[in-house]
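Produce the entire structure from the sequences given, and follow the hints as far as they go.
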Amino acid sequence: MLAACLSLCLLFVAAQAAFEYQIQRARIVDELQDTAKAFAPVLASTAWDYQPNAVGDIVGGIGRNPVISRVHMQMAAGFPASQWTEADAGRETPELSVTIPLEFTSAGVRQKLGTLTLASDTSILWARVREAMFGTVLFSVVQLVLVALLVGSLLRRLVVTPLTEFSNQLRGFDSRTLLPAGALRRAAGREFFVLHTTFARMARQAARSRAALQRSHDVLEERVVERTRELASANEAKSRFLANMSHEIRTPLHAVLGMLALLRRTVLDLRQQDLAAKAESAARTLLQLINEVLDFSKIEAGHVVLHTHAFAPTRLFEDLGVVLEAYLGPKPVALRFELDPRLPPALSGDAMHLQQVLVNLGGNAIKFTERGEVCIGAQVLTRYADAVDVRFEVRDSGIGIAPEQLERIFSAFSQAEASTARRFGGTGLGLAISRYLVELMGGELAVTSTPGQGSRFFFRLHLLLADPNLIAPSAGAHASADAPRLDGLELLVVDDSAMNQQVARELLESEGATVRVASDGPSAIAELGVAGARCDLVLMDIQMPGMDGFEASRRIRALPGRERQPIVALSASAFAQDRAQSLAAGLDDHLGKPFDIDTLVAVIRRVVAVAPPAAGADAVAASDAATAATAPAQPAPPPPTAAAPAAAPRAARPIVEPSAATRVAAADAGVDLDTALARMGRRASIYAATLRTFLDGLDVMHARMLDATLGAEEALRLAHSLKGQAATLGAMPLAVQAGAVELLLFDRGVPLEAEARAQQMCDLAGGIAANRPALARFAALLQADAMAPALAAPPASAADGAAGRRALHARLRDLAGALQESDMRATDLAVELRERFGAELGTRAATLEALVAALDFRAALDQVRELIEEQTA
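Under our numbering, the first residue of the sequence shown carries the number 486, and numbering increases by one thereafter.
Derived from the structure by calculation, the hints contain no laboratory data. It is possible that some hints are incorrect.
The calculated lysine to aspartate or glutamate pairs, modelled on EDC-like cross-linking and capped at a C-alpha distance of 20 Å, are [as the list claims (entries may be wrong)]:
| id | residue 1 | residue 2 |
| --- | --- | --- |
| 1 | Lys763 | Glu803 |
| 2 | Lys816 | Asp759 |
| 3 | Lys597 | Asp534 |
Here it is, written out as structure tokens:
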């Protein structure tokens, strides 16, 4: 009420003020007009007689009027004195002004002498408005207060008091029975009495309904509890039964399959081979049926979880073809695959469950097709920046399905017709499982069919793009690891990390390539700027201090003869947008760190168009001819100098499997040992040496991270470098922590404040300190595993006599020189030293070879110097 009265009062005052403002404004304008008209003739006469002092006095007199804040007299052209002004220099507020002409009549002719302007400051206007409004506002406020008091008193007696009494009675209602604590008293006024009566009637009806509902609820709740207990018991019994059946049936069934496989490897006649093959086929069918039942039980329990990872669609369909070929048997059915050429090389999704769906659909298609073909395809429907929509389809020319049975076939334990179940068998669970898995992956399984002509099952999935480097290598990826796949190639590795240089150099040299390294962009440009320098491909790190990889690549290709220089980007940033940025910059490909040797070799061979190795001289010749025809022209290699010694053939490094103690230490350190070894070509010596280099670099990183002067760019580079190096070596705790810090250092492209950045780097340094002891223990055990073959090797016979000692001394000096220059020829020299002089040097030859193989050149050089001193003495 008070607020309403106050609002009315304010509105009234505002309206009155506006009205008073207009009145006072008109009065001031009239006063200015009257004053100007009164003084205009006098000023005109004085100005005509050219009396400037008199004009100034008159203007000053006008300015002393309290209403007038400014007087301005402007004379027309031709008069010696042009203007007079009288004003208050301190006033800069708006003003009201009046301008009239100054005219003088001489000899009957009216002459226009100029203009006279009088102005009044608006502060004078507002002062008059306030003075006039004071009484009006006071009267209005008193009047409104009296009205408010009168109206408030009436409303309180007629409305507020009855409502308050009724509200107090309602507060006593019981929330469970919807009844008031006492009888509702009759309120004053007919309207409130009707309200009370109606509410009391409604409360009684609600109480009766609530009581009936509660009785029904209690009965139903008892029944639900009883049924739930029964269902839980039955479900638990079913789960126990399925678990027992899984073990009890699958164990002997796997034994049967194993025995049948062994039996088929023995000498059997044709009939026995046929019986064994049929028995194995029947056993596999039985295993498939059992797997379907178990899968459906997992689906019912909601235990199916998607596992998203990077996979290659082509590899998925290759594996699918191998599985479905076994379903065909002797049937005259052709199995075809139709893959869209626009299908990306790598996608992110649950490849296992996707393949399970396609196996179910393909197996059904083969089962219900007596002759003809079964076609499985994948078509790209829509391509986005970071994803694709793919339609998967399984089409057959089998018996087809009647229209009325199309929806029923997706129900569990059901088939199209009873005759179908009797003729073809099966559980009727395959399609139910497939539909559930497709829906779990975000799609919908549908079917179209014509009886007698065949069926078409299809579904659409939205799959994210993935980095091809994240795809796990296939089981046969290392089948040809002993054969050099980069033989004869000249490569340049550009990376600011010594550890990354070491990894790339060792792995690529093990594949037969000749590798040079550069630590930054300017060094790479200088390396390639030499006339005649051969380089088949550059592996370019993108994030380097100073000149980044993109700028270095641009400048390399600006060199004479390097316009088409193949360059592959290397970066710990392995998102789709990073790859797109590299390709947009003109680079030939993009590899995310960490990478495995097989992926790296495949990319290098593709970029430089190296033909795959073939068996036999004819195949080799054909491969060389094809390579010569398709490979881009490269600068001719420089001729060898006379002083250069012929390179000795590289000794094959044995593949050493880590010991059990090493695996335990790797698990304690959080190291993904198998993945890291796969990246190193399963060469424990390279892995151990790289890990030791990494540990040495950790100390430098730790100290730099705690430096108070560390800037934003260097902090980002340290986190990025640690992430890439740790991921390459499988040290996942450090890699994950460094990756998280890298993301936090820049929030939407804006660097963190210095205090927050220092805290992040301090936390990362703490992670290094916490993980280093476990990593060091693992590295020591891995080093012991790598040295084991060399230490266990039997010594070879030594050369006899003075000539043999001179040859040994010469070889030791050659090895010392190679070790001092960090020349990788030291590995070959160490092998040669053990093979030729092992008997004389004993176990020290094997130890020396192990140290060189582990790239511990400093310790190896100390050993060589001791041996030289002994030989000299």
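Hint check:
Our distance criterion of 20 Å between C-alpha atoms is broken by lysine 763 and glutamate 803, whose separation comes to about 25 Å. Taking the CA atoms of lysine 816 and aspartate 759, the gap is about 15 Å. The hint holds against a cut of 20 Å. Straight-line distance between C-alpha atoms of lysine 597 and aspartate 534 comes to about 14 Å, which keeps the hinted pair within the 20 Å bound.
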